[in-house]
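Heads up: the protein sequence lines correspond to chains A and B, in order.
Position 159 (the first sequence) corresponds to 159 in our numbering; numbering is contiguous.
One gets our numbering by counting positions in the second sequence from 1 and adding 297 to each.
Any given hint could turn out to be false.
[As the list claims (entries may be wrong)] Covered stretches of chain B (chain A as the covering partner; in silico rule of three or more C-beta atoms under 8 Å from a C-beta of chain A):
#1 332 to 338
#2 420 to 432
#3 547 to 557
[What the hints assert, rightly or not] With a cut-off of at most 27 Å between alpha-carbon atoms, the simulated DSSO-like pairs for lysine-lysine come out as follows:
#4 A:K153 - A:K22
#5 B:K564 - A:K25
#6 B:K408 - A:K153
#7 B:K408 - B:K564
#8 A:K213 - A:K284
#9 B:K510 - B:K351
#10 B:K351 - A:K25
#11 A:K153 - B:K510
#12 A:K22 - B:K408
#13 A:K213 - B:K510
#14 B:K408 - A:K284
#15 B:K564 - A:K242
#16 A:K284 - B:K510
#17 B:K510 - A:K22
Read the hints as simulated data drawn from the structure, not as lab findings.
None of these values were measured; they are calculated from a predicted model.
All residues carry an ideal CB built from backbone N, CA and C; glycine is no exception.
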Amino acid sequence: MTAQTQPATQTVVQRRAGIRRKQVKGFVRALLIHLMLIPLAFIFMVPFLWMLSTALKPDSQFYAYPPVWIPHPLQWSNFPDAVTYISFFLYLRNTLTIAVLATIGALISASLVAYSLARIPWPGRNFLFIFTVATLMLPFQVTLIPLFVVYSKLGWVNSFLPLIVPHWFGAALYIFLLRQFFMTIPMELSEAARIDGASEFRIYFRIILPLAKAALATVAIFEFIARWRDYLGPLIYLSNQKLYTLSLGIYQYRSQYGAEWGLLMAASVLITLPIILLFFFLQKTFVQGIALTGIKG
Amino acid sequence: MASTVTTPPRVSMWSKPRTRNTINGLLFASPWLIGLAAFWIYPTLASAYYSFTKFNGVQNPQWIGIQNYIDLFTNDANFWDAVYNTFYFAVFSIPLAIALAFALALMLNAKIRGQVVYRTIYFLPTLVPEVALALVWVYMFTPVSGIISAPFQYFGYRGPCWLTCAAWSRQTIILLALWIIGQQIILYLAGLQDVPQDLYDAGDVDGANFWHKFRHITVPIITPVIFFHLVTSVIGALQFFTIPYIMTGGTGFPANSTLFYSIYMYKQGFQYFQMGYASAMAWLLFVVTLIITLIVFRTSSLWVFYSGGDQK
Numbered sequence: 001m002t003a004q005t006q007p008a009t010q011t012v013v014q015r016r017a018g019i020r021r022k023q024v025k026g027f028v029r030a031l032l033i034h035l036m037l038i039p040l041a042f043i044f045m046v047p048f049l050w051m052l053s054t055a056l057k058p059d060s061q062f063y064a065y066p067p068v069w070i071p072h073p074l075q076w077s078n079f080p081d082a083v084t085y086i087s088f089f090l091y092l093r094n095t096l097t098i099a100v101l102a103t104i105g106a107l108i109s110a111s112l113v114a115y116s117l118a119r120i121p122w123p124g125r126n127f128l129f130i131f132t133v134a135t136l137m138l139p140f141q142v143t144l145i146p147l148f149v150v151y152s153k154l155g156w157v158n159s160f161l162p163l164i165v166p167h168w169f170g171a172a173l174y175i176f177l178l179r180q181f182f183m184t185i186p187m188e189l190s191e192a193a194r195i196d197g198a199s200e201f202r203i204y205f206r207i208i209l210p211l212a213k214a215a216l217a218t219v220a221i222f223e224f225i226a227r228w229r230d231y232l233g234p235l236i237y238l239s240n241q242k243l244y245t246l247s248l249g250i251y252q253y254r255s256q257y258g259a260e261w262g263l264l265m266a267a268s269v270l271i272t273l274p275i276i277l278l279f280f281f282l283q284k285t286f287v288q289g290i291a292l293t294g295i296k297g
Numbered sequence: 298m299a300s301t302v303t304t305p306p307r308v309s310m311w312s313k314p315r316t317r318n319t320i321n322g323l324l325f326a327s328p329w330l331i332g333l334a335a336f337w338i339y340p341t342l343a344s345a346y347y348s349f350t351k352f353n354g355v356q357n358p359q360w361i362g363i364q365n366y367i368d369l370f371t372n373d374a375n376f377w378d379a380v381y382n383t384f385y386f387a388v389f390s391i392p393l394a395i396a397l398a399f400a401l402a403l404m405l406n407a408k409i410r411g412q413v414v415y416r417t418i419y420f421l422p423t424l425v426p427e428v429a430l431a432l433v434w435v436y437m438f439t440p441v442s443g444i445i446s447a448p449f450q451y452f453g454y455r456g457p458c459w460l461t462c463a464a465w466s467r468q469t470i471i472l473l474a475l476w477i478i479g480q481q482i483i484l485y486l487a488g489l490q491d492v493p494q495d496l497y498d499a500g501d502v503d504g505a506n507f508w509h510k511f512r513h514i515t516v517p518i519i520t521p522v523i524f525f526h527l528v529t530s531v532i533g534a535l536q537f538f539t540i541p542y543i544m545t546g547g548t549g550f551p552a553n554s555t556l557f558y559s560i561y562m563y564k565q566g567f568q569y570f571q572m573g574y575a576s577a578m579a580w581l582l583f584v585v586t587l588i589i590t591l592i593v594f595r596t597s598s599l600w601v602f603y604s605g606g607d608q609k
């Protein structure tokens, strides 16, 4: 590049002035970004803030004009009322059971399959990879009805099995992400271990998995949040109220007596809070994990 | 590569690297091989078969040829409403979501104070369970008395009727969907980590301004993410379900304007138990999804830029 010679001809004074100008420019730039981000951040927070505000409102203020942002008095009793109005803790336990078991299954199966596709040279693995990516294009609606028919024949409807078992057999997106990441680990590591007589499973478990923690964490978070928020799956497979997940359960505030906005929003806050904390503390791993796995294909 | 491992003499067939690799490869892939067959290939073929039958999910399917497809195309106004609403949603929400997510990611990538807090805030709506989100939106967007209508009232207007009239409901849902782009923002952020700093430095030295650097460095490097976002959001838009379903209870109120394809299919399959008919809808969706994705893939060589030779 022709410009490379330019800094050498600059005097020290010029360079210092340049640095100062750069600092000022950086400051102005940061200020501009804050000015754009703050109002937008408010818009993005509105649903949650309004949820929080309503969760603390007495009935009389739900449709007050002008709208009440900070309720007076703060009706904290909405929270205990919300968890007794529906079987909140039962639904919580159901949701956690499904989410945790599905996440474990997704991690184990996707990492094994990704290892096969990325680290073991066997004929047919490219074909399997293409097939895997192709399932990403298949709308869930296509498999929905036959799977429902199969599960009802197996007697799995009204149990957690349809919501857990499939996740133990791999999911294309996670296989894809982990494969991309496993490809970036130098092959020499595996070869050295093979020469030392390590089995393939040992290499997978002792070398590759520890190196892939960020990518695995990303997959775990994706899957956990997806199961935590899932609505359609429980809607189709769980009609027994004792098996309801939180997504299904909180609809009850609405259907029973019109809408219990205060209770509904209190419950929504309770459901959302753990996920927000999870994200806040793990967001760096999150971004890194995705950056590392590289979606560039 | 395993071929560099020197084969020791006198080995049984099973310990030959090639055979061993094949066995290991299949073993490691076995969960997915079973999963593919059981949860993807079989159901896909079965729903193709069901789509040519009259089937209520309990009794044996009865073969009726292409009658379901004929009915869909010639005899079902709801189907066409659902198709129209779904395409309307896809056509407007996807470009808006791409532009917004990319712009926000650019700002959230800047090293400024409060970066983590900002990122969490923009991800917030994505973390709220869709059911809760849909319900709080219904509440916020109540005409006249809802929080979103309050500013209109303040200036003496009644404000739009939002979700309660067909003139506004489609646009309102497009607007709402723009709130949940956290995952897309993260993807762009991840993509931005890949932009080599020395390219910007070189740009600085050459006297490139912000726009030049954006146009000629950032955008080309981020095109694979845009491509990925485009493909996944086409598929996502065609499968849009939970939010409109919760908002309206699946009724399509007002005037069928929130009847989306997935909702109508769900109703046919699981409320009216017309599972053959619903399967035909699923297959039509599949074919349309395939065609659109193929078109997007075909055009990708024109605008998607892959740096170096390090990609797969």
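Verification of the supplied hints:
1. Residues of the region 332 to 338 of chain B with a Cβ under 8 Å from some Cβ of chain A number 5, which satisfies the need for three, so the listed coverage holds.
2. With a threshold of 8 Å between beta carbons, the proposed coverage of the region 420 to 432 of chain B by chain A holds, since 11 of its residues qualify and at least three are required.
3. Restraint check on the region 547 to 557 of chain B versus chain A: 0 residues with Cβ-Cβ distances below 8 Å, three needed, restraint violated.
4. Of the pairs offered as hints, the one joining K153 (chain A) and K22 (chain A) is violated, with about 69 Å between alpha carbons and a cut-off of 27 Å exceeded.
5. A distance of roughly 58 Å separates the Cα atoms of K564 (chain B) and K25 (chain A); the hinted pair therefore is violated under the 27 Å criterion.
6. At roughly 56 Å between alpha-carbon atoms, K408 (chain B) and K153 (chain A) are farther apart than 27 Å, so this suggested pair is violated.
7. For the hint linking K408 (chain B) to K564 (chain B), the alpha-carbon distance of about 48 Å lies beyond 27 Å, and the restraint is violated.
8. The straight-line distance between the Cα atoms of K213 (chain A) and K284 (chain A) is roughly 13 Å, inside the 27 Å bound, and the hint therefore holds.
9. For the proposed pair K510 (chain B) and K351 (chain B), the alpha carbon gap of about 59 Å is over 27 Å, so the pair is violated.
10. A distance of roughly 69 Å separates the Cα atoms of K351 (chain B) and K25 (chain A); the hinted pair therefore is violated under the 27 Å criterion.
11. A distance of roughly 60 Å separates the Cα atoms of K153 (chain A) and K510 (chain B); the hinted pair therefore is violated under the 27 Å criterion.
12. The hinted pair formed by K22 (chain A) and K408 (chain B) meets the criterion: a straight-line CA distance of about 15 Å does not exceed 27 Å.
13. Simply put, K213 (chain A) and K510 (chain B) have alpha-carbon atoms about 34 Å apart, too far for the 27 Å limit, and the pair is violated.
14. At roughly 14 Å between alpha-carbon atoms, K408 (chain B) and K284 (chain A) fall within 27 Å of each other, so this suggested pair holds.
15. For the suggested pair K564 (chain B) and K242 (chain A), the alpha carbons sit about 24 Å apart, so the restraint of at most 27 Å is met.
16. Between K284 (chain A) and K510 (chain B) the alpha-carbon distance is near 26 Å, which keeps this suggested pair within the 27 Å criterion.
17. Between K510 (chain B) and K22 (chain A) the CA atoms are separated by roughly 16 Å; this keeps the pair inside 27 Å, and the hint holds.
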